[in-house]
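Make the full structure from the sequences, and use the hints.
Residue numbers (the numbering used here), protein chains in the order written: chain A, 11 to 315; chain B, 11 to 315; chain C, 11 to 315.
Hints listed in this document are in silico derivations from the structure and should not be mistaken for laboratory results. Nothing here was measured: the structure is a model prediction, and the numbers come from that model. Don't take every hint at face value.
[Said to hold, decoys possible] EDC-like mimics (lysine to aspartate or glutamate), calculated; alpha carbons at most 16 Å apart, straight line:
1. B:LYS133 <-> B:ASP116
2. C:LYS59 <-> C:GLU39
3. B:LYS309 <-> A:GLU304
4. A:LYS251 <-> A:GLU285
5. B:LYS29 <-> B:ASP90
6. A:LYS309 <-> B:GLU297
7. C:LYS175 <-> B:GLU253
8. C:LYS234 <-> C:GLU216
9. B:LYS309 <-> C:GLU297
10. B:LYS314 <-> C:GLU304
11. C:LYS309 <-> A:ASP296
[To be verified] Derived Cβ-Cβ restraints for the label pairs, each shown as a range:
12. A:LYS12 <-> B:PRO115: 42 to 50 Å
13. A:HIS313 <-> C:SER114: 57 to 65 Å
14. A:LYS12 <-> C:LYS314: 53 to 61 Å
15. B:LYS133 <-> C:LYS110: 33 to 41 Å
Here a beta-carbon is modelled for each residue, glycine too, at the ideal position from N, C-alpha and C.
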Amino acid sequence: MKFAEPQTLKKISSLINAKYVGDDNFQIEGINEIHRVKKGEIVFVDHPKYYDKALQSAASVVLINKKIACSPEKALIISDDPFRDFNLINAHFRKFEPQKEMISPDVLIGENTIIQPNVYIGKQVKIGSNCIIFSNVTLQDYTEIGDNVIIQSGTVIGGDGFYYKNRGTHYDRLKSVGNVKIEDNVEIGSNCTVDRGVTSTTTIGEGSKLDNLIQVGHDTVIGKKCLIASQVGIAGCCNIKDEVVIWGQVGIASSLTIGNKAVILAQSGVSKNLENKKTYFGSPADESKKVMKELAIIKRLAHKK
Amino acid sequence: MKFAEPQTLKKISSLINAKYVGDDNFQIEGINEIHRVKKGEIVFVDHPKYYDKALQSAASVVLINKKIACSPEKALIISDDPFRDFNLINAHFRKFEPQKEMISPDVLIGENTIIQPNVYIGKQVKIGSNCIIFSNVTLQDYTEIGDNVIIQSGTVIGGDGFYYKNRGTHYDRLKSVGNVKIEDNVEIGSNCTVDRGVTSTTTIGEGSKLDNLIQVGHDTVIGKKCLIASQVGIAGCCNIKDEVVIWGQVGIASSLTIGNKAVILAQSGVSKNLENKKTYFGSPADESKKVMKELAIIKRLAHKK
Amino acid sequence: MKFAEPQTLKKISSLINAKYVGDDNFQIEGINEIHRVKKGEIVFVDHPKYYDKALQSAASVVLINKKIACSPEKALIISDDPFRDFNLINAHFRKFEPQKEMISPDVLIGENTIIQPNVYIGKQVKIGSNCIIFSNVTLQDYTEIGDNVIIQSGTVIGGDGFYYKNRGTHYDRLKSVGNVKIEDNVEIGSNCTVDRGVTSTTTIGEGSKLDNLIQVGHDTVIGKKCLIASQVGIAGCCNIKDEVVIWGQVGIASSLTIGNKAVILAQSGVSKNLENKKTYFGSPADESKKVMKELAIIKRLAHKK
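The following block contains the structure:
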């Protein structure tokens with residue numbers, strides 16, 4: 011999430027009553043998760059196992075639970091609970107506020123776009139031209155939709171991500187303040203769920219087509235001209251490259267990369283990165299020609315005379 | 011889709027600026043896909059591989075991208091892009107129009123039928139007697155519902171089918187102008203999606219019962235007294251015969267036939283036609299007694315002392 | 011379901027024109043299914059195979075299709091069709107009535123709870139404090155929601171259970187008159203379906219977190235601090251104990267018990283009870299370390315040089 015205007019290190023630290031390492035006026039442009047963080051942004055880390063990853067990321071500020079050495083180009087904010095304070099900073103800049111209207115008055119809607127009855131549209135949503143948004147759709151805050159987009163009934167764009175920290179006694183939610191971006195010529199079926207990024211943008215790339223009852227997790231980026239069949243579930247933080255074809259009821263675990271033009275056959279369960287242009291099958295998924303050989307050998311063993 | 015009144019070959023051809031082979035006044039009653047086309051109707055074909063299938067179908071008119079020899083009982087319409095022109099003809103007879111009202115004023119509703127709050131009903135929908143349509147349901151244009159039907163909250167009846175042509179640079183949608191027919195005594199759970207036929211009718215047969223979160227693809231015909239558990243996905247153009255039982259999370263690929271009284275065990279993935287009265291399991295699904303033997307042999311091999 | 015006030019054996023029997031065995035004034039406090047029945051309540055049984063189970067249950071009254079010997083502490087109601095008469099008694103005490111308002115006027119809502127636009131709330135629903143109910147949610151009659159609960163858009167709480175009796179010529183629905191209870195600090199994603207109990211209470215325990223597109227069947231009880239990922243399907247009458255973790259697209263068959271802290275890996279299909287603290291995988295699911303060994307042996311056999 012980019013701040014509306016840059017903030018100083020001093021100001022952000024004072025929001026959460028934290029000490030910091032760096033110049034008072036160190037400029038901060040936004041806040042983000044480790045998967046998507048860019049220069050100028052804050053990232054958080056609360057486990058020594060991931061300290062290096064955070065320190066070596068593109069982040070300019072690391073919100074961390076220990077004062078450690080770091081490059082002079084980066085600043086640190088020292089917190090006894092970076093997870094809690096990440097939520098506090100996010101809530102400060104994007105507080106959830108109840109909405110009375112079915113359609114927020116600040117929505118921007120392009121020419122020839124049709125909004126059918128009973129669509130809920132949250133604040134600061136942008137919708138391009140020549141779109142059709144069918145009845146009973148929900149578009150949560152900050153959703154961005156391009157031109158020539160079709161979203162069928164009952165689909166929820168921009169629900170909160172499923173991201174929790176186990177506190178032992180209970181789970182704490184990492185609150186979602188990111189958004190969803192749906193590029194031009196995308197079509198999405200009925201009763202799908204596309205979660206917003208926690209701090210970044212869940213994206214469905216230009217010309218991709220999604221069938222019904224599909225789950226797309228927070229911060230996942232789907233490339234251009236993908237074809238995704240019904241009841242597919244894609245977890246959070248995945249990178250689905252361009253022209254990928256995913257058949258029905260496939261599941262893809264979080265933070266995986268699926269190469270360009272990969273094809274994933276129905277009901278496969280993907281638990282590792284997949285290469286460009288290959289066809290996969292099975293749960294756990296592997297190259298389909300290998301899996302077919304495995305299925306054949308089992309049948310031979312079981313049914314031999 | 012049947013036209014409101016018969017059309018001549020000359021008139022239909024002029025709509026799309028196409029040449030034709032046949033009598034100017036050759037009567038055309040409607041338009042349909044190859045899976046469902048009937049006498050008097052137009053079908054389209056744009057790949058030489060399927061020319062014979064189209065020419066030998068029940069269709070009376072073939073919208074085709076090459077002038078070829080055909081039976082004197084059939085007419086041809088010659089188009090450089092039959093897919094595009096099929097869409098144009100469909101859109102001419104059933105243009106999608108935005109609707110302002112939550113319930114279209116032309117809906118026909120039978121006696122003692124209850125429509126709970128916040129149901130969207132499109133144009134020319136018919137609902138029989140003694141039905142309950144729960145809140146947040148969507149019934150798209152032309153849906154037909156019999157008597158004693160229950161549809162639970164959030165279910166979408168008549169969403170557009172998932173049917174695209176790969177143009178290389180992008181996907182083109184085959185626009186849906188068909189409908190959904192739900193026969194008497196059918197009950198459908200919450201948050202299901204039943205897509206309308208592309209030009210024909212997706213049907214759920216008398217007395218069938220569907221649980222929650224089920225996908226039924228375009229033009230699929232489900233028979234009478236079927237029982238379908240939660241999260242089942244049935245692709246487009248399937249024929250599910252009578253008294254079929256399908257357990258949870260089963261997936262069925264497109265254009266398959268499932269025989270009468272077949273039973274498909276949970277999570278199976280069906281990739282071929284299934285016979286009457288047999289029980290199936292696995293992904294890809296096979297007769298369950300065979301699959302059980304395969305599972306046993308694997309366990310024996312893996313865990314032998 | 012508890013009756014608003016206790017009823018006599020004579021009165022209940024007269025409702026359905028049935029004979030009975032027991033004192034006219036035998037007190038009856040409610041009615042329930044065999045899975046959940048308690049002392050003071052009626053249970054029904056219509057197959058000799060289950061007579062003993064019903065007679066030995068905690069039920070005080072057995073609605074049965076044959077006069078048989080039973081303990082003097084129990085009463086019998088003799089019916090030629092206990093299934094039909096169970097429905098009749100239920101309908102007498104909890105008749106479904108159409109609702110005109112989007113939010114029933116008798117709903118109780120706690121402090122600081124936010125109800126976003128376009129939420130449907132049925133009669134006698136209670137919602138605690140500090141909750142957020144997002145747009146397009148449906149809360150059916152008698153739903154109880156604790157404090158600090160979040161329910162995201164499109165989710166349906168309290169749909170009718172999927173429970174039918176095969177009459178040969180058709181299926182008869184066991185009508186749902188139970189409810190759903192969602193305890194404190196539960197969070198539920200978008201487009202989920204949580205069915206009400208048939209006569210009892212479907213429960214989601216304190217602090218449990220559910221992702222999107224999840225199915226929870228009638229009368230299932232989910233314990234405290236469970237984590238359930240997207241597209242999981244849990245059938246009816248299950249007992250999911252505390253701190254269970256269920257990954258994406260898992261299916262769990264009806265009436266099973268999942269032990270405390272069990273972990274079920276993605277896409278598993280659970281067909282038997284699972285033990286505490288173990289990790290499971292596969293369809294049908296088994297201990298994951300066993301299944302991994304099986305997968306390894308298949309790969310070795312298929313791909314050996």
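How the hints compare with the structure:
1. B:LYS133 <-> B:ASP116: Holds, at about 6 Å.
2. C:LYS59 <-> C:GLU39: Roughly 26 Å between the alpha carbons, so the hint for C:LYS59 and C:GLU39 is violated.
3. B:LYS309 <-> A:GLU304: holds, 15 Å
4. A:LYS251 <-> A:GLU285: OK: A:LYS251 and A:GLU285 at ~10 Å, within 16 Å.
5. B:LYS29 <-> B:ASP90: Holds. B:LYS29 to B:ASP90 sits at ~10 Å (cutoff 16 Å).
6. A:LYS309 <-> B:GLU297: holds, 12 Å
7. C:LYS175 <-> B:GLU253: holds, 14 Å
8. C:LYS234 <-> C:GLU216: holds, 5 Å
9. B:LYS309 <-> C:GLU297: holds, 12 Å
10. B:LYS314 <-> C:GLU304: Holds - the C-alpha atoms of C:GLU304 and B:LYS314 are around 11 Å apart, at most 16 Å.
11. C:LYS309 <-> A:ASP296: Holds - the C-alpha atoms of A:ASP296 and C:LYS309 are around 11 Å apart, at most 16 Å.
12. A:LYS12 <-> B:PRO115: 42 to 50 Å: The hinted range 42 to 50 Å holds for A:LYS12 and B:PRO115, with Cβ atoms some 47 Å apart.
13. A:HIS313 <-> C:SER114: 57 to 65 Å: holds, 59 Å
14. A:LYS12 <-> C:LYS314: 53 to 61 Å: holds, 55 Å
15. B:LYS133 <-> C:LYS110: 33 to 41 Å: Once the Cβ atoms are compared, 24 Å apart, the range 33 to 41 Å for C:LYS110 and B:LYS133 is violated.
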